[in-house]
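Student: Chain by chain, the residues:
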Amino acid sequence: SQQGEEDPQALSIQEGENATMNCSYKTSINNLQWYRQNSGRGLVHLILIRSNEREKHSGRLRVTLDTSKKSSSLLITASRAADTASYFCATDGSSNTGKLIFGQGTTLQVKP
Amino acid sequence: GAGVSQSPSNKVTEKGKDVELRCDPISGHTALYWYRQSLGQGLEFLIYFQGNSAPDKSGLPSDRFSAERTGGSVSTLTIQRTQQEDSAVYLCASSLQAGDYEQYFGPGTRLTVT
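Sequence lines, in order, name chains A and B.
Going left to right, the first sequence walks through residues 5 to 116 as the numbering used here numbers them.
Going left to right, the second sequence walks through residues -15 to 98 as the numbering used here numbers them.
Isolated chain A, as found in the complex (with noise of 0.2 Å):
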């Protein structure tokens, strides 16, 4: 079963512009991931943010966690047509085992 919810389910914006996505989950966890996937295939790992962390950046990304909230945001600023992709959060449960649940995914397209 799915552990949260990915909003909006889909996002359409101009090249340059930043992009938002939100993951809310049900359960305490660990950590929460972020994936990326093209063409509905092999997903590459973005970035992870530990339960006692609130912010991460990583190149043109920034992840928050609201552990209160239990709720998760990606921001991709500054887009480029080679982000359309779908994304998706992923938690552990706090299993610590790795085995991840995953959101439904926001499918991203931007036109160049």
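Rather than coming from a laboratory, the hints here were simulated on the basis of the structure.
Treat each hint with caution, since some may be false.
What the hints assert, rightly or not - Simulated restraints on C-beta separations: (1) A:Ser32 / B:Leu80: 20 to 26 Å; (2) B:Glu86 / A:Leu79: 15 to 21 Å; (3) B:Glu69 / A:Arg84: 34 to 40 Å; (4) A:Leu79 / B:Asn36: 22 to 28 Å; (5) B:Glu86 / A:Ser32: 17 to 23 Å; (6) B:Asp47 / A:Gly20: 48 to 54 Å; (7) A:Lys73 / B:Gln81: 40 to 46 Å; (8) A:Pro12 / B:Gly0: 38 to 44 Å; (9) A:Lys73 / B:Asp47: 35 to 41 Å; (10) A:Ala85 / B:Asn36: 41 to 47 Å; (11) A:Asn22 / B:Ser50: 43 to 49 Å; (12) B:Gln68 / A:Thr81: 30 to 36 Å; (13) A:Asn42 / B:Thr54: 29 to 35 Å.
Only a predicted model underlies this, so the values are computations on that prediction, with no experimental measurement involved.
We treat Cβ as the ideally placed atom computed from N, Cα and C, and that holds for glycine.
Given chain A, work out where chain B should sit, using these hints.
Tutor: Using the frame of chain A, we list chain B on its own:
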């Protein structure tokens, strides 16, 4: 270095046949995970292996599904008596250890049961 590889990339099989899907994890990664992605169910955890410990099979949808990992490296996911609802993309991932580590995914095997 080499990433996670999976074979075959596509598999079409008739209902009732058995299939084997293979995963080669990144060398040195002790944890290996299988997930399934289908339109109706999204991304679901199936099973994971950590070192020589007994696998966690809690995500397997039925006893037609099984997996093994030989020598702590290559893993095979077997689906017996395939059904149409087994059609999905099967993804394998590995990580340095189970737990608080990023997972590296393979390209997946697209299984179609006709």
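Student: Against each hint, give a clear statement of whether it holds in the structure.
Tutor: Hints, verified against the model:
1. A:Ser32 / B:Leu80: 20 to 26 Å: holds, 24 Å
2. B:Glu86 / A:Leu79: 15 to 21 Å: Holds, since glutamate 86 (chain B) and leucine 79 (chain A) (Cβ atoms, about 19 Å apart) stay within the stated range.
3. B:Glu69 / A:Arg84: 34 to 40 Å: holds, 38 Å
4. A:Leu79 / B:Asn36: 22 to 28 Å: violated, 41 Å
5. B:Glu86 / A:Ser32: 17 to 23 Å: Taking Cβ atoms as reference, glutamate 86 (chain B) and serine 32 (chain A) lie about 20 Å apart, which means the hint holds.
6. B:Asp47 / A:Gly20: 48 to 54 Å: This hint holds: roughly 52 Å between Cβ atoms.
7. A:Lys73 / B:Gln81: 40 to 46 Å: violated, 30 Å
8. A:Pro12 / B:Gly0: 38 to 44 Å: holds, 41 Å
9. A:Lys73 / B:Asp47: 35 to 41 Å: holds, 40 Å
10. A:Ala85 / B:Asn36: 41 to 47 Å: holds, 46 Å
11. A:Asn22 / B:Ser50: 43 to 49 Å: Hint holds: Cβ distance 46 Å, inside 43 to 49 Å.
12. B:Gln68 / A:Thr81: 30 to 36 Å: violated, 43 Å
13. A:Asn42 / B:Thr54: 29 to 35 Å: holds, 31 Å
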